[in-house]
Amino acid sequence: GAGVSQSPSNKVTEKGKDVELRCDPISGHTALYWYRQRLGQGLEFLIYFQGNSAPDKSGLPSDRFSAERTGESVSTLTIQRTQQEDSAVYLCASSWVLGIEQYFGPGTRLTVT
Amino acid sequence: DAKTTQPPSMDCAEGRAANLPCNHSTISGNEYVYWYRQIHSQGPQYIIHGLKNNETNEMASLIITEDRKSSTLILPHATLRDTAVYYCIVRTSAGGTSYGKLTFGQGTILTVHP
Chain A
390 GAGVSQSPSN KVTEKGKDVE LRCDPISGHT ALYWYRQRLG QGLEFLIYFQ
440 GNSAPDKSGL PSDRFSAERT GESVSTLTIQ RTQQEDSAVY LCASSWVLGI
490 EQYFGPGTRL TVT
Chain B
195 DAKTTQPPSM DCAEGRAANL PCNHSTISGN EYVYWYRQIH SQGPQYIIHG
245 LKNNETNEMA SLIITEDRKS STLILPHATL RDTAVYYCIV RTSAGGTSYG
295 KLTFGQGTIL TVHP
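The listed protein sequences derive, respectively, from chains A and B. Going from the first sequence to this note's numbering is simple: count from 1 and add 389. Going from the second sequence to this note's numbering is simple: count from 1 and add 194.
For reference, chain A alone in the conformation it holds in the complex (with noise of 0.2 Å):
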């Protein structure tokens, strides 16, 4: 029974290199969601894909975050030129159809030095 997976684990990278962030959903999860969480701090939601609709990405902080989505499969965030502020733990999620019912991963710890 495979919940959401995410990869790596840990990711330490030095200010100014990019970063990819891999999340793999729940099979048959139609919906994935990407968030950021700061140290101490609450959710932040960074974009989400439903189907075949267009991504809502007004989350995303800047123009350095990206995401993908492969169908109803496999999701990556890319950080390109990370900061310091990039540090967090970005969490993926994902759902049957777009929904507050939302299952994640063990989130991915970035550590920008």
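FYI, nobody ran anything at the bench for these hints, they're computed from the structure. Here the structure is a predicted model, which is why all the values come from computation and not from measurement. Treat the hints with care, as some may be off.
Quick list of in silico lysine to aspartate or glutamate cross-link-like pairs, DMTMM-like style, CA-CA up to 20 Å [stated by the list, open to error]:
1) Lys-404/A - Asp-452/A
2) Lys-406/A - Glu-461/A
3) Lys-197/B - Glu-490/A
4) Lys-446/A - Glu-403/A
5) Lys-246/B - Glu-208/B
6) Lys-197/B - Glu-433/A
7) Lys-246/B - Glu-490/A
8) Lys-446/A - Glu-461/A
9) Lys-406/A - Glu-490/A
Since the structure of chain A is provided, determine the placement of chain B on it from the hints.
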């Protein structure tokens, strides 16, 4: 979305029922009550949701008052692993610019002790 109010913290003895309250006095007719929790250093975990009837699943029970202005999440036999921050969220079933975008308030820190 309706605002929710939860106590900042609660304690519970292991093996006893944990009853976590949530006030949502401005809830509207098409809004559901959702509960999530977040265990330290883990991603959020969906627990349960309901509209007006009481709900039960393998994790918990959700009791919603008849006027729907408050609800209680019940963990029937709390274990040490249930120590987490519990979030009560009120959202519509569909539509709206915030739909699909999960946000948490402060939540209730539940500490289960031996």
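Evaluation of the provided hints:
1. Lys-404/A - Asp-452/A: Given that 20 Å is the threshold and the Cα spacing comes to 16 Å, the pair holds.
2. Lys-406/A - Glu-461/A: Status violated; Cα separation ~29 Å.
3. Lys-197/B - Glu-490/A: holds, 18 Å
4. Lys-446/A - Glu-403/A: With a Cα-Cα distance of about 26 Å, the restraint between Lys-446/A and Glu-403/A is violated, given a limit of 20 Å.
5. Lys-246/B - Glu-208/B: violated, 29 Å
6. Lys-197/B - Glu-433/A: Holds, at about 18 Å.
7. Lys-246/B - Glu-490/A: Holds. Lys-246/B to Glu-490/A sits at ~17 Å (cutoff 20 Å).
8. Lys-446/A - Glu-461/A: The given pair, whose Cα atoms are some 17 Å apart, holds under the 20 Å limit.
9. Lys-406/A - Glu-490/A: violated, 34 Å
When the structure is compared with the earlier hints, violations turn up for hints 2, 4, 5 and 9 and for no others.
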